Structure formats: C-alpha cells, structure tokens
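Starting from the given sequences, assemble the full structure and let the hints guide the process.
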Amino acid sequence: MARRALWRSGAAKDAVPRIAHLDRDRPLVEAAKRDPARFDALYRRYLARVYSYAYYELGDHHAAEDATAATFVSALTNLDRFEERARPADGEGASTFRVWLFQIARNEVAGERRRARRRPTEPIGETVVADPLDVESAAVRRDEARAAWRAVGRLPGERRQAMVLRFVDELSTAEIAGVLGRSEGAVRVLIHRALRSVARDLGVSERSGGERGSAS
Amino acid sequence: MSLIRRDSGEVEALITDRYLDSLLAIQPTADRDRGPLGAELRADASIGAAVRAVSRRLATDLPRFHPSFRFEERLALRLAEVAASMRLPIAAGGEGQAMAIRELHPALPDPLRVAGDDEDDRDARPLLIGGAVAASALSLAGAWLAWRRRTSPMTRAIRAAHQLRLPGGGA
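Those protein sequences? They're chains P and B, same order as listed.
For the record, in the first sequence the residue sitting at position 82 is 82 according to this note's numbering, with numbers rising by one throughout.
For the record, in the second sequence the residue sitting at position 155 is 155 according to this note's numbering, with numbers rising by one throughout.
A few of these clues could be false.
[To be verified] Okay, the calculated bits of chain P under chain B, using three or more residues with CB under 8 angstroms as the criterion:
(1) 34 to 40
(2) 47 to 54
(3) 68 to 79
(4) 145 to 156
(5) 183 to 189
Read the hints as simulated data drawn from the structure, not as lab findings.
These numbers were taken from a predicted model, which means no experiment stands behind them.
Don't be surprised by glycine CBs; every beta carbon is placed ideally from N, CA and C.
Spelled out as structure tokens, the structure:
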C-alpha cells in the first residue's frame with residue numbers, strides 16, 4: 001500500500017526500479033531455496049563452466065576438482081544469502097546467480113593457489129599458469145590451440161581471468177565486471193588490451209590480419 | 001595519457017566488446033569461423049584486423065573442459081548429503097505442525113495400565129512436533145510420555161502383580 005502511494009507521488013514517478021528480475025536461473029534458484037535437494041539442477045548446469053574456469057586458472061585436474069567441489073558446496077550452504085540483482089542493462093540472458101557462483105569460484109581458486117604455494121612438493125612459482133592443453137592433448141591436438149592458450153596463460157591475473165570468463169565461460173562484460181568487482185568499462189578495456197597482447201604474442205599483426213601466427 | 005587518447009581507447013574497447021558479443025552468440029563454436037555470419041564478422045572492419053583475428057581464434061580454439069563422470073557423480077552425492085543435512089533443521093521445527101499424540105495410535109490401549117494408576121489429564125494435550133517424520137514423532141512421543149508418567153512400566157507391573165497376590169487386593 002505504501003509503495004503504491006509512493007508511486008503516485010510526483011517524486012517517485014521518475015524512480016524507475018533499477019533492479020529487474022532478469023535472472024534466467026531464478027526458477028531453479030527459488031526451487032533450491034525451498035528444497036536444497038533441487039540444487040542439483042543448478043549444479044549440473046554450471047559444473048563444466050566452473051570446472052573449466054578452475055582448470056584454466058590452476059592447470060591441474062585435482063586442484064580444479066577441489067576448487068569446483070568447494071565452490072558448489074559453498075554455494076549450496078549459502079544459497080539463502082543470495083539475492084537476485086540483475087539490471088535491465090544486463091540483457092535477457094543476465095544471471096546474477098552465475099555471477100555470484102563465479103565470485104565464489106574465484107575465491108576458491110585463489111584459496112587453492114594459496115594452498116598449493118604452501119605445498120613445496122609441487123613447484124608452481126611461475127607467474128604463468130600450467131597449460132591444461134598439454135594434459136588434454138588427446139582432445140585438443142592442434143598446435144594453434146595450444147599456442148593460443150599459452151598466450152592467454154601468459155597474461156597477468158585479472159586479464160587472464162577476464163579472457164577465460166569471456167571466451168570459455170562466455171559471460172557478458174557486465175557479468176565479468178560483477179565477478180571481478182570492476183566496472184564494465186574497466187573490464188572492456190582489460191579484455192581489449194588482453195586481445196592486443198595475445199595478438200602480439202601470437203605474431204598476428206594488423207597487416208597479417210586473419211592469418212594464423214606461428215608463435216607458440 | 002591524454003583525455004582524447006584515453007577516450008579513443010575506451011571507444012575501441014566498446015566496439016571490440018560489441019564484436020565479441022556477436023561472435024560468441026554464434027553457435028555452435030565450429031561455425032564461428034565459417035558460415036554467412038562468421039564471414040560477415042571476419043570482414044567487419046570496425047575493429048583492427050589483429051584483434052578481430054585473435055578474437056575469432058580464441059572463440060574457436062579455447063575448449064571448455066568437463067570433469068570426469070566419476071567426479072561429477074561423487075560431488076552430486078556429496079551435495080545431496082549436504083542438502084539432506086540442511087533439511088533436518090526444517091524437519092525438527094522450522095515448519096511446525098500440531099500433532100495430537102493420542103491420535104497417532106488411538107486403537108492401542110496401554111497394556112500396563114492399572115486401575116488407580118493416576119494419569120494426568122494434561123496427557124491429552126497436543127504436542128508440537130515440527131514437521132518431523134513419523135518415526136521421529138513416535139520417538140519424541142514415547143520420550144514425552146515416559147517423562148510424563150510418574151512411575152515406570154516396570155514399577156507398575158510389579159505393583160499390579162503385588163495387588164493380585166495380596167488377599168483383598170489391598171496393600
């Protein structure tokens with residue numbers, strides 16, 4: 001009642017609600033909030049994406065599995081704290097649940113990195129993450145793909161994360177901004193610069209255009 | 001960095017972002033480098049040729065990995081266990097329902113009931129058991145009844161046997 005009265009007042013007329021219910025995961029999230037057993041549908045939907053993100057970041061199957069498991073358990077136990085906050089500008093496919101999920105995944109990956117650093121048996125002191133395509137050579141044999149990943153792997157932290165979220169997990173810029181805690185403009189610039197770095201690394205010049213570089 | 005240069009960088013980044021939106025919207029991944037839309041994007045001159053080429057290459061070449069089926073099912077099982085443990089507090093009182101104890105088993109008389117073994121009328125009051133499963137309800141009901149009774153069933157049985165032995169049934 002109070003809201004209706006406020007809407008009639010002149011001051012509220014221009015107050016277009018900034019939060020719109022656009023989360024395409026909303027039915028699944030609401031079902032899981034009512035009955036935690038229904039979380040399984042969200043788990044199946046996002047398992048490969050979360051795992052891929054963890055794998056690209058950590059470069060190790062076991063570490064990626066640990067981070068993935070921790071992400072989903074944390075998401076399930078904290079689901080009641082999740083609030084949908086998609087904006088109209090986020091587009092039709094916007095999903096704040098998935099932003100929230102990747103925020104958790106990012107934290108878990110960071111935690112996994114810290115734990116790995118404390119384990120001296122596995123030297124991962126390099127700034128460049130391991131190359132998962134070496135392990136997955138049966139699935140991805142092309143040298144070009146390997147070269148592309150290596151070039152992405154050589155990018156500094158946030159640029160690399162933004163590239164993986166954009167190209168592998170296919171998140172929108174707005175979603176990546178939510179995951180990384182940056183503005184959309186900052187993420188756009190981050191990705192644009194990353195693409196130019198990768199192009200240089202792969203030997204793709206403005207003149208060569210679409211020609212595939214030979215650097216690896 | 002000058003303001004104009006910074007602005008032009010942001011504009012370039014914005015155009016690249018729109019290009020990526022179009023590129024990644026093409027399904028399946030293999031068609032990104034072929035097909036009519038792929039060809040259109042390949043010829044898009046709004047962004048630099050190098051960025052355009054690298055974008056197409058990354059969109060096509062970077063795979064998405066799936067964990068092993070074994071891991072997937074193991075984690076699914078673990079999540080189901082976590083979900084079950086989250087449902088327990090709800091069952092224990094989160095969604096309370098009034099259940100009358102006497103209505104649980106109205107046909108069962110108390111086999112050890114002895115005349116004169118006074119029972120409080122308050123026993124007939126309903127007990128609030130929040131959404132518990134029948135087994136839990138029965139356990140709680142049993143515990144509650146045992147607590148309510150002043151004497152144990154064994155005591156009452158001994159007392160009944162004693163009454164039968166004594167002439168006149170008196171103590």
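A quick look at each hint next to the structure:
Counting residues of the region 34 to 40 of chain P whose CB lies closer than 8 angstroms to any CB of chain B gives 5, so the stated coverage by that chain holds, three being the minimum. Taking a C-beta to C-beta cut-off of 8 angstroms, the region 47 to 54 of chain P contributes 5 residues in contact with chain B, enough for the three needed, and the coverage statement holds. Check on the region 68 to 79 of chain P: 6 of its residues sit with their Cβ under 8 angstroms from a Cβ of chain B, so the three-residue criterion for coverage holds. Given a C-beta distance limit of less than 8 angstroms, the hint that chain B covers the region 145 to 156 of chain P holds, as 4 residues qualify and 3 suffice.
Residue count for the region 183 to 189 of chain P with a Cβ under 8 angstroms from a Cβ of chain B: 3. That meets the three needed, and the coverage hint holds.
Going down the numbered hints, you'll see the structure goes against none, and every one checks out.
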